[in-house]
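Put together the whole structure using the sequences plus the hints.
Chains A and B, in that order, give the protein sequences.
Here the working numbering is used: the first residue of the first sequence is 1, the next is one more, and so on.
Here the working numbering is used: the first residue of the second sequence is 293, the next is one more, and so on.
Among the hints, a few may not be true.
[Stated by the list, open to error] Simulated coverage check for chain A against chain B, where a stretch passes if three residues somewhere in it have a Cβ under 8 Å from a Cβ of chain B:
1. 79-90
2. 167-180
3. 224-233
4. 268-275
5. 279-286
[Claimed, not checked] Derived contacts from chain A toward chain B, CB cut-off under 10 Å, selection only:
6. I36
7. L93
8. L96
9. E116
10. L237
11. D262
Rather than coming from a laboratory, the hints here were simulated on the basis of the structure.
Even glycine gets a Cβ: it sits at the ideal position worked out from N, Cα and C.
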Amino acid sequence: MLELILQTCVNAIIATSFAAIFAVGLMLIFGVMQIINFAHGELYMAGAYTVWVVYAENNLPFFVAVLAAALVVIVIGLLMEVALFRPLRGNMLGGLIVSIGMLFILQVLAVHFFGEGLMKTILSPYRGAWEVFGLRGITVPYQRLIVLGVASGLLALFWVFLRRSRLGWALRACTQDPEAAALQGISINKFALIAMAISAGLAGVGGAVMAPLVVVDPHMGSSVIIMALIVVIVGGLGSLEGAVLAAIIYTFFHTFMTTFFDGVIANILGLVVMMLVLVIRPTGIMGTSEKS
Amino acid sequence: MKKASSPWTKGLSLGALLAAVCVLPFIVKPFQLEVLIFLFINIVLVVSFRLIAITGEFSLAHVVIMGTGAYASALLGKWFGLDPWLTMLFGSLTAAAIAYILSFPLFRMKGFYFLIGSFAAGEAIRLSWGRFRGVFGGSKGISAIPPLEIGNINLGMPVPFYFFALAWMVICLVIMYRLEKSRLGLTLHAIHWQDLLAESVGVNARHYRVLAFVIASFFAGFAGTMLAHYLSVISPHEFGLGIMLSVLVWAIVGGVGTFAGPIIGVVLLSFVDESIRAFDEYRPLVYGIVLILTILFLPEGLQGLPARVTLFVRRFWRGGRRETVEARPTGAGVASDRPPPSAS
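So this is what it looks like as structure tokens:
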């Protein structure tokens, strides 16, 4: 029993690291542009497909594939920002709806180029597993360790960037009060591009490192976007710390429920818990303003 | 409202439309008849969706609420052998009751939180249908739902059901239209546009939002019961996020600003759907592009198109003197009959 609990904890930690970079990316876009990007899950899907093309089909090294995924997804993200989100900045419902449109388009493009229903499983470059601190029965496949390492590394890097660099300061100013930031001479357009690049890059790399662990298909984004929406809402819109905290809480809860009951029960209870949190605090754990 | 459309011409054109709709089932192919039946059900669904939207909130639980009506009606019919007419009423009432219960947590939230909160509530209900096989039949759903009968006409057949759905659609639309023009409807508009002002003159905004939500859910549930008794099989799949997004697209593309907007949206997009039936996997692509173009270029939806065209034509005629036209307040949906004063 103890082993099962420990193993579940290990699994939850790894799932959390992915959930955190995904949700932080979603939150960053919201902070700067007041737009919830429903197509964020499709950026993750695009990252996974890039790995499929570069690594599985063309046999290039895995880290090249991850870099390519980041690049491809950043380009898609920047196009979205320039063509769709820029004209609608501040219009929350409008932004939400064009991102839903973008979600449809990216899914259909994936179906068009790669086909639907064909299970694409990518073999991990590093097979085998690590017995956690030599404990028997608690193992982590190397690919999951890569996810953990890459995700927490990127998150730490992002944190240092936000706290220690001038650009990061300006970016935080944009998320706290875009208008006041603009008055200080910060170009919102420029920082929207930077935010979009970071957000898309995180989603793309997330998709790339997760690709060998999941089934790559055109609709793989739907389940993660639902998870991420729950996380950002529970954390409170506009709060990056809240997103990380909520990612930890939600993922641990979800992983334990999945282990001890089943996936569907975990989803139902996760949604119910989210509703309860919102009943007690209608703006999430760390959310302050009631943005509508 | 334009002066040109007097009540007479309006009544005449509505009558002509109704007559055309009555002849349709005898000239179209069977599968097209099916499309029309779904269209009627979807019109009730999307117009009831708009009833919530006019209070300023978009509910992503609406299709699941519709499903609640369908499941309730089907289960009552199967367990207790009640007459489908009765179960349809109880199904709609169940949908309204569930909506009332959900309104307690949901209406503590606003805007985006409401959107996601309603989605979560709906999805939790929908996942329960799939999970609890004993009660709701799991992911296969419920089958062999008893069909409706009037006298000895079996409404399970397409042609009788077509008229049945048409009649109920007209009744629902009339009720919802009257509702919106009534004091209640005006109050709903008021709490959307000026909720602080409305509250300061003594309108309980939350109370009216809940009322709109419950009434809209009743009609959505009713649409669900029609669907259940027509298809005779329902499953959680019929009420998924994809369908909910379609409803959102219909409403937004048509425009939620007017009563006719969502109806225009659903009718037009259903025809588009039919014409691209051969390329089914590209359907979402078309939806996505239409959605993006609408939001970027027609923020008030297709119902705002005539006013825009008028403006454009005027601009075109006065091509040489652009600045006078540009000086007019943009976005003014109603162009006055008098030409704008020319600058000299």
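### Violated hints - listed by number, lowest first
2
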